[in-house]
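**Student:** In the order they appear, the protein sequences are chains A and B. All residue numbers for the first sequence refer to our numbering, where the first residue is 1 and numbers rise by one. All residue numbers for the second sequence refer to our numbering, where the first residue is 511 and numbers rise by one.
It cannot be assumed that every hint is accurate.
Lysine-lysine pairs mimicking DSS-like chemistry, simulated, CA-CA at most 25 angstroms apart [as the list claims (entries may be wrong)]: (1) 443/A with 392/A; (2) 596/B with 34/A; (3) 528/B with 42/A.
Rough simulated footprint, nothing fancy, chain A against chain B, three-plus residues with beta-carbon under 8 angstroms [as the list claims (entries may be wrong)]: (4) 571 to 579; (5) 622 to 634.
The set of hints was computed from the structure by calculation and includes no laboratory data. In this text, all values refer to a predicted model and were calculated from it rather than measured experimentally. We treat Cβ as the ideally placed atom computed from N, Cα and C, and that holds for glycine.
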Amino acid sequence: MSQTTSAPLDTSPPILPSYTDLPFYRKQVRIALKNCGIIDPKNIDEYLARDGYRALSKALVELTPDDVIGIMKDSGLRGRGGAGFSTGIKWEFCRRSRATPKFVICNADEGDPGAFMDRSILEGDPHSLIEGMTIAAYAIGAADGYIYCRAEYPLAIAHLKNAIAQAQEYGLLGENILGTEFSFHLYIKEGAGAFVCGEETALMASIEGRRGEPRPRPPFPAVSGLWHKPSNVNNVKSYAMAPQIVLNGAEWFNSIGTQKSPGTAIFAITGKINNTGLIEVPMGIQLREIIYDIGGGIPDNKTFKAVQTGGPLGGCLPESALDTPVDFDSLVEAGATMGSGGMIVIDEDTCMVEFARYFLIFASAESCGKCVPCRVGGQRLLEALTRITEGKGTREDLDEIEYISRNMKEGSLCALGQLTPGPVLAALRFFREEYEAHIYEQKCPARVCKGLITFSIIADKCEGCMICIRNCASGAISGAKREPHTIDIERCTRCGLCATVCKFDAILIE
Amino acid sequence: MPRFSKPEDLYQYSDELKKNLAASGVDQPVITVGMGTCGLAAGAGEIYKAIHAELAKHKLKAIVRSVGCIGLCVKEPLVDIQLTGKPRITYTNITPAQVPRLIDEHVIQGQVVMEWAIGSIPTDW
Numbered sequence: 001m002s003q004t005t006s007a008p009l010d011t012s013p014p015i016l017p018s019y020t021d022l023p024f025y026r027k028q029v030r031i032a033l034k035n036c037g038i039i040d041p042k043n044i045d046e047y048l049a050r051d052g053y054r055a056l057s058k059a060l061v062e063l064t065p066d067d068v069i070g071i072m073k074d075s076g077l078r079g080r081g082g083a084g085f086s087t088g089i090k091w092e093f094c095r096r097s098r099a100t101p102k103f104v105i106c107n108a109d110e111g112d113p114g115a116f117m118d119r120s121i122l123e124g125d126p127h128s129l130i131e132g133m134t135i136a137a138y139a140i141g142a143a144d145g146y147i148y149c150r151a152e153y154p155l156a157i158a159h160l161k162n163a164i165a166q167a168q169e170y171g172l173l174g175e176n177i178l179g180t181e182f183s184f185h186l187y188i189k190e191g192a193g194a195f196v197c198g199e200e201t202a203l204m205a206s207i208e209g210r211r212g213e214p215r216p217r218p219p220f221p222a223v224s225g226l227w228h229k230p231s232n233v234n235n236v237k238s239y240a241m242a243p244q245i246v247l248n249g250a251e252w253f254n255s256i257g258t259q260k261s262p263g264t265a266i267f268a269i270t271g272k273i274n275n276t277g278l279i280e281v282p283m284g285i286q287l288r289e290i291i292y293d294i295g296g297g298i299p300d301n302k303t304f305k306a307v308q309t310g311g312p313l314g315g316c317l318p319e320s321a322l323d324t325p326v327d328f329d330s331l332v333e334a335g336a337t338m339g340s341g342g343m344i345v346i347d348e349d350t351c352m353v354e355f356a357r358y359f360l361i362f363a364s365a366e367s368c369g370k371c372v373p374c375r376v377g378g379q380r381l382l383e384a385l386t387r388i389t390e391g392k393g394t395r396e397d398l399d400e401i402e403y404i405s406r407n408m409k410e411g412s413l414c415a416l417g418q419l420t421p422g423p424v425l426a427a428l429r430f431f432r433e434e435y436e437a438h439i440y441e442q443k444c445p446a447r448v449c450k451g452l453i454t455f456s457i458i459a460d461k462c463e464g465c466m467i468c469i470r471n472c473a474s475g476a477i478s479g480a481k482r483e484p485h486t487i488d489i490e491r492c493t494r495c496g497l498c499a500t501v502c503k504f505d506a507i508l509i510e
Numbered sequence: 511m512p513r514f515s516k517p518e519d520l521y522q523y524s525d526e527l528k529k530n531l532a533a534s535g536v537d538q539p540v541i542t543v544g545m546g547t548c549g550l551a552a553g554a555g556e557i558y559k560a561i562h563a564e565l566a567k568h569k570l571k572a573i574v575r576s577v578g579c580i581g582l583c584v585k586e587p588l589v590d591i592q593l594t595g596k597p598r599i600t601y602t603n604i605t606p607a608q609v610p611r612l613i614d615e616h617v618i619q620g621q622v623v624m625e626w627a628i629g630s631i632p633t634d635w
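Extracted from the complex, chain B is given alone in its bound form (with noise of 0.2 angstroms):
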């Protein structure tokens, strides 16, 4: 845990934090669920089990992290997923019971569901 005691500090931080993002220093797939409380009313926390359970299944690791609102709440429970070195894909109106397939083609094959897809979060956006 770094403690900023000069700006320097911070900026060398960040532009370590960017360049391993830049890098795809992340070598496992990361599943991105919406939890702000737009998706938690629409289902998201049944979602967030769900991907753990199929995970452990599996034997797969994967980094999965909750983020707030994107804005397009009529689609939640929204799920994203990227692997390394790819776009990151949205799904939309996930159900628990669509997660074992999301995990099978996507996270292990590398096949995006294109029926459950709405589209891809550009990186600098």
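The shape of chain A in the complex, shown without the other chains (with noise of 0.2 angstroms):
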């Protein structure tokens, strides 16, 4: 804490490290989260400053409508929401409809748990959000769009409407932007935060007033979206990706990433890493290189288990898929799913049947109802999981689940009666094991399911230090002063709470 740890500024050469040259940044390639953390998202002059609204004034001014699409269809940007469609041909489906007026309209319901990629550029770089989905109403041929937000995103919400406000004032939102012909009104919808709101007939019937439930497609928002006029429905990602194709070019972007999915990805990733973070890394990094280059690896010297990505309704990987290339399709292939972003590493105290009972009581408790693969079939895996985690399952459970699995994925109407099973799929093609060892062996390999778990004493460790007997809220512990304590299963509830307390290590899961 003294004056020699400190150094003069200018210290040549400098001893601090760039951004650049940091483990966590040196692999990133910063495109939607080019402004986030630099510059502040109230101000819109800071936007400015870093060339903001160039793409939109340079659309505008020189290219076409047909252009702007050109551009972003040669630029191969897939939809960042998780499917992976064009996103250029999405444009154009919907400037070819005839109907008329169109809604330009962004999907901000980010609802995984542990994601917050959407939010982080909302309340970030809210700007480029605006130019966006402005550059995609001109192409398009909307007047109006929706930001459709859920309510537990205050500050983002806050920030948008703040840079709305500002964007108007400035005449780049509105009547006759930039002294041109163009206008475009811009409205936040909050949502309530259903996990069912993400989906895009949803969300659309969410704006309108009415109950978030999907309906069957085709047709598609581009024919008949919202009030059944055409609509165009993109990520937060896609919209802030635009800009930037606009301004640099569609060469510029496909140059970065792989051939079948141009571009960076953005991934929030949460879970046993040393780097909880958001990073914008580009398509074709392993996810090796992410999870140990760039989070830094597992804590605690602890080993691997799996990666999730593609939230609740995604995958899990093992160690054997970590070389895996990040882009739509090498993760399809691997068993995962790309998703929106969010990816959460496992390692070896989780459980994976217990790891996929935790995704599927979200997802079962965030159906809507309205068809019954979803409704019911959710309800149904979980029951057979639930059994499993207490040790009551059967070999009939594995073929049950795969059952229902099965029509679930074919008969569910929308994407998240569809990918519910997902999870738990991956984790029986993956750690099969784990699930017989449950079954056949009524063991938790990784001593989590509480239905088969003990908890004993080892005596010799043991120092008779009574903390923990002090400690059991069940009082399930008993022993004298310096005498090895015993545990009484019967009373004991395995909370676990004796093998957080003990200083010697005598607390024996097995």
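Starting from the two chains in their separate frames, assemble the complex, guided by the hints.
**Tutor:** What follows is the structure in structure tokens.
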């Protein structure tokens, strides 16, 4: 804490690394996150100083709507919400629809547990979304747009409202943008937080003031969307990338990433990883590079077990899949999905059955209930998994899981029901032995499932300090001071508190 | 407050903004606090207050601004300090108790507090 630890600013070469040399940032390529954390999102001037709204101006002055669509198609940008459909082709479908008026809609209903990509862009660089949506509106011929964002993102909504007001004042949004004939108005619709409202037809129903339930497609929104009018729905990240693509050209964009998945992918990396954070990497990077080079590996010297991509509807991949390149197609081939950008790292202390069950609880609770495969199937799957974690599972349960999953995939109305079995199936594919250990050996290899573990005290290690006795809420531990204690299995609730407080590693869980 | 009635207005205005930045038109220290949801959850709101209090104590003029998430959520709260014409230095996991030393050593004396710093943000990044 002395002056000797301080260095003069002018020391050359600089002792402090540049961000570009930090392991966390070295492999990143920031397009949609270009301004996040750099500019003050509440001040439009800071966005303008970094070429903000130049792409819009270029589009309005130099390009026809068809030119813009051509650039987007040539760039190869695929929808960053997760489905990976060509953004340019989507815009073109909407442009070609004859009915008017048309709408531009942003899906900012980010609901995956542990995901915060869209929120970070909305909070940190709201103008990039506004500019992207305005360019889209020009391309497809829309005069009004909606941003559908969940009310539980108050800061994001505050920054968006502020940014919309500023853009209007500057003449960059509203009537006669930049003095041209083109006008575009943008509105925010705050959602109540139902997961299914991230599905585009449910999202539009919610904007219309109806119950957030999906409907069959076709007709797709480009033909009949909001109020039965042609509508273009994209994710926040897709819109946020559009200005950069228009400004720098399609070739610049598709020189990054892979041939079939150009550009960058944005991930919120969380779970058992040292560098929890938000990253933007070129497509084609290996999962291993993300987890070890950028993420800094697994904390506390634990062993990597799996990584979940695609959120609660995605899948988890084992160690053997870590060399998989990250792009839309390779991840699906490997057994997971790209999804919207959630990435959860799991270590040896996580039970894969319990992990799948956790996300199944989420997905089945979020089912809107409209179609039977999702409403009933999710519930039955959950019951089967619960039986397995309680040690009451049978061989028939595994068959039933596969049978229900197949039917949900084929019979559900929307992606929520179709993909709900995904995590369970992926876990069964890569971690089947863990499921079988629960069923046939009545064992939870990760020692998590309470119905399958017992606590005991290793007499040789126990110093008789009584700390576990004092902490045990169910009074299951007994013993005299300086004598080895014992646990009454009948009274033990397997809360694990004794193992946490024991200073001598004397609690055995098996 | 400009209102652009033609694209040239926008170009002229943003070129002016860029020129000011490049010429270090900012003659005060700039202190930046990461105040996205991740920063606020880690206590950035307290840091923001502490910085203002410390600046007032020393009667210092500085621009204190808040930004969104730069990605390194695990190191929040993040505080960047940039003196005129010098690199923007990032400090990690800052607590209100650390603020007085940051202001004293970096802002007043111009010395980077190396043990709390992680790196510098290139201007063209």
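**Student:** Kindly indicate which numbered hints from before are broken by the structure, ordering the numbers from low to high.
**Tutor:** Those not satisfied: there are none.
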